[in-house]
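*Asks:* Next come the chains, spelled out residue by residue.
There are 2 protein chains.
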Amino acid sequence: MNIVIIGGVAAGAKAAAKVKRLLPDAAVKIYTKDSNVSYSSCGIPYYIQGNFTDYRTLLVRSVEEFNKSGIEVHLNSNVVKILPEQKDILVSQPGKAELVAYDKLIIATGARPYIPDIKGLNSFSNIYTVRTIEDAIAIRNIMLESKTAVILGGGYIGIELLESFSRNGVFTHLVDHNPAVMSVLDNEMSNAVMNRLNKIDNKNFMFHFNSEIKEFVGDNKTANEVILNDDTKIKCDFIVICAGVKPNSELAKDAGIEIGETGAIKVNKLMRTSIENIYACGDCAEKTHIVSGQKVWIPLGSTANKEGRCAAMNAAGVYCEFEGVLGSMVTRCLNTTIAMTGLTEKQAQKIGFKPVSVVVNKYDKVAYMPETGEITLKVVADKITGLLLGAQAVGSIGADKRVNTVTSGLIGHLTVEQFSRNDLTYSPAYSPTIDPLLNAMQILCNKISRSC
Amino acid sequence: MNIVIIGGVAAGAKAAAKVKRLLPDAAVKIYTKDSNVSYSSCGIPYYIQGNFTDYRTLLVRSVEEFNKSGIEVHLNSNVVKILPEQKDILVSQPGKAELVAYDKLIIATGARPYIPDIKGLNSFSNIYTVRTIEDAIAIRNIMLESKTAVILGGGYIGIELLESFSRNGVFTHLVDHNPAVMSVLDNEMSNAVMNRLNKIDNKNFMFHFNSEIKEFVGDNKTANEVILNDDTKIKCDFIVICAGVKPNSELAKDAGIEIGETGAIKVNKLMRTSIENIYACGDCAEKTHIVSGQKVWIPLGSTANKEGRCAAMNAAGVYCEFEGVLGSMVTRCLNTTIAMTGLTEKQAQKIGFKPVSVVVNKYDKVAYMPETGEITLKVVADKITGLLLGAQAVGSIGADKRVNTVTSGLIGHLTVEQFSRNDLTYSPAYSPTIDPLLNAMQILCNKISRSC
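Line order of the protein sequences matches chains B and L.
Quick note, in numbering that gives the first Met the number 0, the first sequence goes up one by one and the last residue is 451.
Quick note, in numbering that gives the first Met the number 0, the second sequence goes up one by one and the last residue is 451.
If you are wondering where the hints come from, they were derived from the structure by calculation, not from laboratory data.
Just to be clear, a hint being listed does not mean it is correct.
One copy or two, it doesn't matter: identical chains are merged, so the pair holds either way.
[What the hints assert, rightly or not] In silico DSS-like pairs for lysine-lysine, Cα to Cα no more than 30 Å straight-line:
{"hint": "1", "residue 1": "Lys-252", "residue 2": "Lys-86"}
{"hint": "2", "residue 1": "Lys-361", "residue 2": "Lys-19"}
{"hint": "3", "residue 1": "Lys-252", "residue 2": "Lys-19"}
{"hint": "4", "residue 1": "Lys-361", "residue 2": "Lys-294"}
{"hint": "5", "residue 1": "Lys-19", "residue 2": "Lys-118"}
Predicted model only: the values in this text are computed from it and were never measured.
Throw the hints in and build the complete structure from the sequences for me.
*Replies:* Written as structure tokens, this is what we have:
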């Protein structure tokens with residue numbers, strides 16, 4: 000039994016380990032064009048920040064550990080073709096190419112940064128994207144010898160790097176074509192993030208919203224200026240592009256595997272693709288949203304792990320269903336926690352729900368406790384059915400706590416009225432007597448009916 | 000319309016405010032034997048600790064504020080009899096007694112400390128219980144001039160005071176007849192609390208487990224020694240008894256109102272007692288456990304607030320159901336967070352479930368993050384139905400987070416398999432890739448069936 004896995008960061012590494020445990024006698028082989036395997040992508044901003052200084056800390060499982068458990072790892076190996084009819088893959092390695100046979104194939108090719116077409120982009124060596132360990136090392140090194148940085152994109156990677164750079168004394172310009180950071184959130188909530196960031200004293204950063212980078216300027220392979228579309232010129236020592244990601248689904252598409260509307264590889268609950276014996280998981284695969292039932296592409300490390308496990312189980316002949324995602328996420332920027340789960344109001348609207356929502360601003364503990372911080376919380380429900388659709392939280396460390404409380408409600412398809420019966424833990428050191436979450440739900444309940 | 004409320008701490012104060020908002024023209028009167036109204040009992044340990052030094056910070060709403068909104072507050076007023084047939088209460092105040100008529104009566108008489116019968120108990124003035132603002136002030140004052148304290152009882156009030164005293168430099172002896180603190184938890188979990196507390200360097204406290212106080216010894220109204228049942232003698236400057244609480248249900252019982260098996264006042268979902276026009280809420284009232292469906296008495300501030308609101312609504316003619324409690328609670332002792340929701344394994348066993356459980360010890364964030372702490376988590380389910388029954392967590396600040404995630408699962412009556420589909424937020428700064436909670440649930444799932 001040959002089990003071949005393409006890609007080895009999160010989903011691929013997890014799948015390899017799981018399938019080997021289930022089928023100790025199978026030959027399990029990972030092929031990755033990366034020069035590292037099994038690492039924590041989500042930890043890269045914290046390595047850059049200096050929370051730890053050895054990049055190897057990011058490695059979850061080394062090549063040696065994989066080998067020890069009987070898993071072959073082929074680094075710097077680019078899979079250029081999948082040949083489903085003969086059940087082979089064609090691998091191109093430095094100086095050679097070879098066909099590798101599979102009985103079960105697991106595609107975990109991940110995603111890659113989206114890079115907008117900007118003048119000068121390819122002329123300079125100090126313009127970075129963030130995906131691999133090499134990226135991480137290069138960005139940390141240049142950050143340590145720089146005074147000014149430009150980040151393109153205020154999504155979660157952009158704002159995590161903003162924290163890392165500014166805490167390391169590097170003045171950071173963040174450019175985004177949206178009017179605020181974290182534009183995945185509803186407007187009130189990305190505004191709540193902005194309010195907190197703007198209140199910081201002696202800010203070591205500056206925002207350029209509703210802006211795009213028109214051109215990179217520099218000399219000798221080093222960009223030292225970016226020009227925005229309104230002709231603002233920003234001097235800088237390096238640039239990082241965090242303008243979003245795209246699924247690496249081309250290899251699958253080329254093999255005739257069905258691609259979903261989202262651009263990612265279509266899979267069923269068993270992580271099977273449209274071609275027999277081929278599975279896909281992680282950032283390259285499409286997901287089902289548990290609340291809307293729709294196909295979505297939300298690439299996240301926690302999901303990749305679960306999908307890798309599930310794909311491995313089914314490849315090994317052990318039945319496993321992956322139900323889907325809630326799009327739950329958390330990130331941090333300079334003591335502000337930002338978290339969401341389920342649908343935002345704008346997503347709910349777009350899908351065809353009739354959303355109603357409530358935003359509350361509250362203390363996160365009883366006001367007299369010294370550790371008390373503030374939290375802005377938005378809860379969204381469907382006015383017709385009363386079904387809870389999602390929650391977003393922005394505030395002091397711990398705001399994610401309320402969002403995780405909502406995830407279980409979404410899994411259970413609770414109405415707001417049912418959720419309002421919740422009995423949350425209370426102590427002055429942990430929350431107000433009536434938690435902001437319950438408070439918001441009670442108000443939301445009144446917007447739906449008069450019975451709660 | 001006369002609405003009379005007996006008791007004014009949490010449930011009573013909330014009920015008064017709510018009923019006045021719903022019926023602005025009604026006469027709303029609070030009678031309490033306390034000399035304060037509307038205060039945060041749960042904040043008392045933090046006042047004693049010195050997190051704030053003005054006791055008035057504990058007051059949620061002052062008598063003046065009540066008066067301003069048209070609510071009469073009668074302090075130091077002991078209600079000695081309820082006369083349901085004539086719809087009066089008999090109030091005894093310093094120097095007088097009067098009959099007060101009601102159309103709707105809300106009983107919120109709360110609970111009182113249970114005081115075991117110990118030799119010498121009534122001979123000394125430096126033996127305290129913790130319930131009122133006066134208790135709080137007296138304990139803080141004596142703590143500030145003391146070197147050694149004895150606490151009887153290692154429940155949550157006992158351990159919160161242990162934190163307060165020891166942080167104020169007072170060496171604290173805690174005596175409990177159980178083998179560990181927080182004996183409401185399952186044994187592994189109270190042991191996990193003990194492991195963390197025992198690891199503290201330069202401990203300013205000492206435990207005396209499986210012990211009872213046999214006698215208080217002292218002179219001139221001041222106890223200066225307690226003698227344990229094994230004849231251990233402990234010198235001390237003052238003593239606090241936190242040996243549990245009892246519902247103040249005697250007044251209701253005397254009026255012919257039905258009392259539940261738990262000893263608290265029987266109420267239905269509308270917070271109605273067995274006698275028409277009389278409601279009960281808060282610590283004096285019996286509750287329904289949402290997981291077991293059984294009647295329980297779990298007196299907590301958060302519940303009192305919700306019940307007060309619900310009793311007020313029904314008294315005002317606005318339909319409101321209070322479904323019950325999960326027994327969710329959180330407390331803190333010296334950087335250890337202790338939280339639970341639903342049924343413990345021993346409770347589940349007693350009730351007739353066939354419980355299975357899993358305990359995990361994990362980091363609460365990715366190990367490489369500087370803020371990472373440890374968490375011990377126990378999840379309990381019913382082996383027959385797969386139904387999730389409860390969770391307990393002990394660990395660094397934030398352990399309560401996982402417990403609140405479970406509360407919503409219990410409200411939705413999820414099975415462990417359903418809960419395992421949860422999509423929790425992930426970032427290295429907030430949790431490991433697979434949260435300890437999901438990890439525990441996956442293992443638990445395997446103990447129930449092979450399908451998850």
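*Asks:* Now, for every hint given, state plainly whether the structure supports it.
*Replies:* Outcome of the hint check:
With identical chains, the CA atoms of Lys-252 and Lys-86 are at most 30 Å apart within one copy only, with a shortest distance of 16 Å there and 80 Å across copies. For the identical chains of this complex, Lys-361 and Lys-19 are inter-copy neighbours only, at 24 Å across copies versus 49 Å inside a copy, given an alpha-carbon limit of 30 Å. For the identical chains of this complex, Lys-252 and Lys-19 are intra-copy neighbours only, at 27 Å inside a copy versus 66 Å across copies, given an alpha-carbon limit of 30 Å. In the homo-oligomer, the alpha carbons of Lys-361 and Lys-294 never lie at most 30 Å apart, since the shortest distance is 35 Å inside one protomer and 33 Å across protomers.
Neither within a single protomer nor between protomers do Lys-19 and Lys-118 lie at most 30 Å apart by alpha-carbon distance, with minima of 47 Å and 67 Å respectively.
In the structure shown, a violation is registered for the earlier hints numbered 4 and 5, in ascending order.
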